[in-house]
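There are 2 protein chains.
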Amino acid sequence: MSEVRQKGKLAKAASFQLTGISTEEKNAALERIAEELLNSAKEILQANEKDMEAGREKGLSEAILDRILLTEERIRGMAEGIRQIIALNDPVGEVLETIEKENGLLIERIRVPIGVVGMIYEARPNVTIDAASLALKTGNAIILRGSSSAKSSNLALVKMIHRALEKSAVPKDAVQLIEDTSRETARELFRLNDYLDVLIPRGGKNLIQTVVQESTVPVIETGAGNCHIYIDESADFTMAKEIVLNAKLQRPSVCNAAESLLIHPAWLERYGKDLLVSLHNQHVEIYGDDSVRGIFSQAKPATEEDWHTEYLGLAISVKAADGVEEAIDHINQYGTRHSEAIVTEDEENAALFLQKVDAASVYHNASTRFTDGFEFGYGAEIGISTQKLHARGPMGLPALTSSKFVIKGKGQIRP
Amino acid sequence: MSEVRQKGKLAKAASFQLTGISTEEKNAALERIAEELLNSAKEILQANEKDMEAGREKGLSEAILDRILLTEERIRGMAEGIRQIIALNDPVGEVLETIEKENGLLIERIRVPIGVVGMIYEARPNVTIDAASLALKTGNAIILRGSSSAKSSNLALVKMIHRALEKSAVPKDAVQLIEDTSRETARELFRLNDYLDVLIPRGGKNLIQTVVQESTVPVIETGAGNCHIYIDESADFTMAKEIVLNAKLQRPSVCNAAESLLIHPAWLERYGKDLLVSLHNQHVEIYGDDSVRGIFSQAKPATEEDWHTEYLGLAISVKAADGVEEAIDHINQYGTRHSEAIVTEDEENAALFLQKVDAASVYHNASTRFTDGFEFGYGAEIGISTQKLHARGPMGLPALTSSKFVIKGKGQIRP
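In order, the protein sequences belong to chains A and B. Numbering of the first sequence is given in the UniProt record's numbering, commencing with residue 1 and proceeding in unit increments. Numbering of the second sequence is given in the UniProt record's numbering, commencing with residue 1 and proceeding in unit increments.
Bear in mind the hints are in silico, worked out from the structure with no lab data behind them. Just so you know, not all the hints are guaranteed correct.
No copy is singled out in the list; a pair is fine if it fits within one copy or between any two copies.
Here are the computed lysine-lysine pairs in the BS3-like style, where the Cα-Cα straight-line distance is at most 27 angstroms [stated by the list, open to error]: (1) Lys9 x Lys356; (2) Lys151 x Lys58; (3) Lys101 x Lys410; (4) Lys356 x Lys172; (5) Lys58 x Lys42; (6) Lys356 x Lys410; (7) Lys408 x Lys356; (8) Lys410 x Lys273; (9) Lys159 x Lys9; (10) Lys101 x Lys408; (11) Lys101 x Lys356; (12) Lys9 x Lys205.
Please model the entire structure based on the sequences and the hints provided.
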């Protein structure tokens with residue numbers, strides 16, 4: 001039996017044991033992990049140094065090396081993250097619906113763990129701790145498949161988790177790491193329907209697209225955000241400018257940052273240059289259509305490709321949109337269903353935009369940067385779903401649960 | 001462009017229009033369909049007669065021919081079904097969650113249509129009406145891909161729907177029928193991620209497995225039910241017998257019928273023969289393990305295959321299970337996560353069974369036959385989900401919806 005199937009089987013068996021474990025026992029196990037993590041810092045940092053050396057030898061970029069890097073401070077941050085998860089309410093056991101039938105049957109819909117969660121991710125070894133903690137908190141077993149660039153770190157982290165779980169009520173088989181990081185094991189996970197209930201990719205666009213395109217296991221798609229801001233004719237200049245600068249610049253590398261501006265021609269004529277100069281002064285490269293380049297000559301010509309592009313950096317595409325309907329059509333054509341905003345003083349246009357734009361989060365007069373589990377008050381960062389089934393938008397712990405109908409009778413039969 | 005992609009594109013465009021259409025307009029369109037259906041009975045029955053002739057020529061079984069057959073009475077039943085859907089509450093627009101942030105942002109999570117639903121199904125032309133009505137009620141566009149054996153009927157039904165929609169606010173492109181019923185078009189639907197938000201198979205086990213195994217579009221898996229009843233040591237004889245006979249015999253061909261009995265050895269010794277004789281007298285073929293055959297010689301020997309088998313007819317597998325834990329393990333190994341029951345007077349064993357059995361519906365002292373959208377009070381029959389994401393168990397209209405965060409601000413930016 002292959003490593004993936006073997007570990008899948010163990011995780012499945014552990015997931016059945018987990019359904020009998022209480023919130024207190026799960027929290028105690030998480031606290032053990034936090035303690036063991038702090039106690040094992042030296043060993044983990046040594047393992048991480050191996051990954052860093054290998055990465056330097058391979059000539060990985062500074063940005064990627066920084067994602068792989070662990071430090072004492074980062075390890076303390078990871079332990080802090082586990083304790084934040086301990087403090088969250090346990091969603092498992094919540095009664096979602098109660099149906100009392102005339103024949104006396106009591107039907108309750110109750111929140112239960114999903115079972116076995118697969119996580120496939122790149123570089124960052126902190127995802128190992130983060131994902132395992134979230135899974136255990138919600139009573140799920142987890143199969144982790146990290147990248148080769150963080151292999152030693154992930155191995156040391158999962159060994160540490162197993163030591164901690166051995167002192168807890170949670171079976172250590174609940175956390176499985178796939179050690180073989182070849183493409184083959186990823187492909188096996190995509191089709192591990194026998195043991196895996198859901199697969200969550202965390203990483204770049206290519207990883208996510210591969211998982212979506214090749215996986216027969218249900219996927220929760222997270223990530224890509226080609227987010228737009230439409231500035232309507234009646235938009236207040238200062239408000240529009242502040243929202244655009246915030247959404248583009250507060251943290252340009254993340255998925256809820258703005259990547260494209262649509263501007264009503266009248267507003268563009270009146271205020272467009274001021275706005276574009278402000279962006280330009282903050283070193284934002286502007287890719288514009290003809291009307292934009294007509295008022296701001298430093299703008300480069302936008303190609304069809306630009307309307308599709310999530311720059312994740314200091315660049316933005318800008319285009320005139322002749323009214324809210326045209327903006328909606330453009331966004332529904334080019335957007336990635338993540339976060340979309342309108343700035344307007346016209347309530348009717350705002351209502352139309354909020355209703356007709358197809359995205360997980362739609363904003364009126366606010367920055368797209370608010371799309372985030374912590375900002376929404378969920379206290380955890382599982383990811384931001386851009387699909388429509390199961391979970392959409394920032395995901396809290398309930399995204400890692402399913403439900404079950406529990407029916408209690410006194411011998412009722414169907415007439 | 002292929003038929004599938006072309007119709008996918010039209011359905012997607014229609015789905016955007018549907019977001020602006022009110023409950024009243026959707027209900028009026030459904031009423032138009034009900035009227036047009038009754039008015040077009042003659043034409044539809046003629047088309048159906050063509051399918052019946054072709055089916056007879058091909059030598060299809062009487063059971064399948066009966067599924068294809070439409071009659072005036074069945075058409076009246078279909079119109080009645082549409083009117084029942086009109087009477088249901090529209091879930092779209094429901095506010096699922098309200099978050100007020102300290103900075104004044106108002107975040108609402110609102111129920112919205114999924115977008116474009118794909119339905120791939122066998123024989124029964126009534127699914128065409130049923131699926132289209134449920135989709136339109138929830139503001140979704142739908143792509144229908146029926147089987148070749150009901151091709152003329154489906155074509156006539158969708159033509160009728162288009163005539164009705166032309167007199168309504170709902171765009172007629174919201175309902176698309178794939179006319180080419182070759183395997184190729186099914187395969188294209190499996191990978192139509194650009195236009196299709198979800199794919200729902202309705203039909204036999206092979207169809208469902210093919211869709212699950214080949215589709216990259218998210219699937220809602222429905223159907224297969226290898227349902228067990230575990231009779232515990234303390235089970236009341238009369239109650240156990242009534243539940244078993246009801247679950248096996250009230251309608252043996254459906255997914256929530258019982259297919260396998262697990263019996264505590266002490267109960268088996270005391271009451272087993274009585275129960276098995278009752279089943280035998282109702283012409284149920286019994287496949288038993290050694291202990292079952294020891295008390296009832298007419299039982300045939302059960303093979304490993306029997307524990308996996310959903311007979312969907314007058315047969316049942318029977319086995320001794322030495323206590324609730326053994327029963328739970330057997331069910332979690334062989335069950336299809338549909339409906340599972342325990343009969344016992346022991347509350348502790350009942351609680352353990354309800355918690356640890358992994359299935360959409362778990363029963364204590366009641367027949368598995370209650371797992372049904374109408375029985376649960378949802379008023380519609382979309383199917384019974386046996387998967388864990390998005391929807392699990394009998395699905396009501398909300399299973400055809402997603403949600404969206406709508407955020408209203410006054411210029412808030414992220415600090």
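Verification of the supplied hints:
1. For the homomeric pair Lys9 and Lys356, the shortest alpha-carbon distance between copies (17 angstroms) is at most 27 angstroms, but the shortest distance inside one copy (45 angstroms) is not.
2. Only within a single protomer do Lys151 and Lys58 lie at most 27 angstroms apart by alpha-carbon distance; the minimum there is 14 angstroms, versus 59 angstroms between protomers.
3. Taking CA atoms no more than 27 angstroms apart as the test, Lys101 paired with Lys410 passes inside one copy only; the shortest distance there is 12 angstroms, against 47 angstroms between copies.
4. For the identical chains of this complex, Lys356 and Lys172 are inter-copy neighbours only, at 19 angstroms across copies versus 47 angstroms inside a copy, given an alpha-carbon limit of 27 angstroms.
5. In this assembly of identical chains, Lys58 and Lys42 lie within 27 angstroms of each other by CA distance solely inside one copy; the values are 24 angstroms within and 74 angstroms between copies.
6. Taking identical chains as interchangeable, the C-alpha atoms of Lys356 and Lys410 lie at most 27 angstroms apart only when they sit on different chains, with a minimum of 21 angstroms there against 49 angstroms within one chain.
7. Proximity of Lys408 to Lys356 under the C-alpha cut-off of 27 angstroms is restricted to the inter-copy arrangement: shortest distance 15 angstroms between copies versus 43 angstroms within a copy.
8. Proximity of Lys410 to Lys273 under the C-alpha cut-off of 27 angstroms is restricted to the inter-copy arrangement: shortest distance 23 angstroms between copies versus 75 angstroms within a copy.
9. Taking the shortest Cα distances, Lys159 and Lys9 sit within 27 angstroms of each other inside one copy (19 angstroms), while across copies they are farther apart (50 angstroms).
10. Taking CA atoms no more than 27 angstroms apart as the test, Lys101 paired with Lys408 passes inside one copy only; the shortest distance there is 11 angstroms, against 41 angstroms between copies.
11. In this assembly of identical chains, Lys101 and Lys356 lie within 27 angstroms of each other by CA distance solely across copies; the values are 24 angstroms between and 39 angstroms within a copy.
12. For the identical chains of this complex, Lys9 and Lys205 are inter-copy neighbours only, at 24 angstroms across copies versus 30 angstroms inside a copy, given an alpha-carbon limit of 27 angstroms.
Hint compliance for this structure: no hint is broken.
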